[in-house]
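There are 2 protein chains.
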Amino acid sequence: MKIPKAIQNLSESFEKLPGIGPKTAQRLTFYLLHNPQDMLEQFGNALINLKKETAICSICKNIGSINPCEVCADENRNKNIIAVVETPMDLVALERANFDGLYHVLHGAINPLNNIGPEDIFIKELVERLGRNTNINEVILATNTGMEGEATAMYIKRLIEPAGIKVTRIARGMPVGGDIEYADNTTLKRSLEGRGEY
Amino acid sequence: MKIPKAIQNLSESFEKLPGIGPKTAQRLTFYLLHNPQDMLEQFGNALINLKKETAICSICKNIGSINPCEVCADENRNKNIIAVVETPMDLVALERANFDGLYHVLHGAINPLNNIGPEDIFIKELVERLGRNTNINEVILATNTGMEGEATAMYIKRLIEPAGIKVTRIARGMPVGGDIEYADNTTLKRSLEGRGEY
Chain A
70 MKIPKAIQNL SESFEKLPGI GPKTAQRLTF YLLHNPQDML EQFGNALINL
120 KKETAICSIC KNIGSINPCE VCADENRNKN IIAVVETPMD LVALERANFD
170 GLYHVLHGAI NPLNNIGPED IFIKELVERL GRNTNINEVI LATNTGMEGE
220 ATAMYIKRLI EPAGIKVTRI ARGMPVGGDI EYADNTTLKR SLEGRGEY
Chain B
70 MKIPKAIQNL SESFEKLPGI GPKTAQRLTF YLLHNPQDML EQFGNALINL
120 KKETAICSIC KNIGSINPCE VCADENRNKN IIAVVETPMD LVALERANFD
170 GLYHVLHGAI NPLNNIGPED IFIKELVERL GRNTNINEVI LATNTGMEGE
220 ATAMYIKRLI EPAGIKVTRI ARGMPVGGDI EYADNTTLKR SLEGRGEY
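Residue numbers (this note's numbering), protein chains in the order written: chain A, 70 to 267; chain B, 70 to 267.
Calculated from the structure, these hints are not laboratory results.
Careful, some of the hints might be misleading.
Which copy is meant is left open, because identical chains are indistinguishable; a pair holds if it fits in one copy or across any two.
Unchecked claim - Straight-line alpha carbon distances no greater than 20 Å define the calculated PhoX-like cross-link-like pairs of lysine-lysine that follow: (1) 226 with 193; (2) 258 with 74; (3) 258 with 120; (4) 120 with 193; (5) 258 with 121; (6) 120 with 74.
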């Protein structure tokens, strides 16, 4: 028996998503067959409108519904400080932590193994932005704390520090609720190096 | 900052899928932002057309692109034997194993804990079909071999056996490539009970 084309089409679309294999794709498709048509239309239209109703911010490269994005357009934010993040999802996470400055979204990290160099992410745009805007007096490097994130942070630090801007890096140490017994060596080392007055 | 409506809409749609939580939904949504618009349209239209371009077969309850479905309409199949399965995905699996008879898709299994009784799945339709069609001389119960599948098989057996139809159950034993050392007790017991001439 041939699987109906409509089922195959949707299955193949799901399969293109990261972390979804052929079996899961098929399971999701058959699950959706039991859902009302208006739920499918809502889902389908959300997909079709995703890019139409969003824009990449010309200032900070965040993805917003307007350009400049909601953060850059907000008059109440601290305009003297920029947090550099890898992805818009990292920005959302920092927003939840009540950061009230501006952002710069790199859309990736330097990763030579995957052929992603400094020119493939929005580093040049950050440097230009800092050159144009003399109000910025601190750049917080809030890239991930893995190898690629650290390499990216180091690269940006070397690039912008000569211009006399204060460059900081988010603290690396024990996460809240962590057990010292189970912490890895590098985290513990960083945690000792970064110790503060108590 | 408020997350753009378009991103939130799609994220919420993904979240409704089984096994996809808020974090994965967000990750998938941001992943799709980096995809071309025509890929999104293809995906969206596949969702919108899923139910429009499929039909539930009036004979076997399989989901096909025509009614009766491709299996029931195929003149070359063995019309004397019916395999009873829980879902259309099980049917696809049996097709891959080259089963050439007909099917009956129950769309579920009896599961009292989830309030699914015999009347909630297509058991009545199976009995009616067997009553109408006197060519059927064997019904293979190919429900899953877990608790719900076994209960469903037992229920159907008791219901249709008095009518004089031969009822069989798929063999339960060691899967091919299995290690006896690691097999669970019930599987091993079934495997011994069902042993065959060698």
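Now for the hints, and whether the structure bears them out:
1. 226 with 193: Within. Shortest intra-copy distance 13 Å satisfies the 20 Å Cα cut-off; inter-copy 71 Å does not.
2. 258 with 74: neither (56 Å within a copy, 42 Å between copies)
3. 258 with 120: Classified as neither: same-chain Cα gap 43 Å, cross-chain 57 Å, threshold 20 Å.
4. 120 with 193: Neither: 24 Å inside a chain and 48 Å across chains, both beyond 20 Å.
5. 258 with 121: Neither: 47 Å inside a copy, 60 Å across copies.
6. 120 with 74: between (26 Å within a copy, 11 Å between copies)
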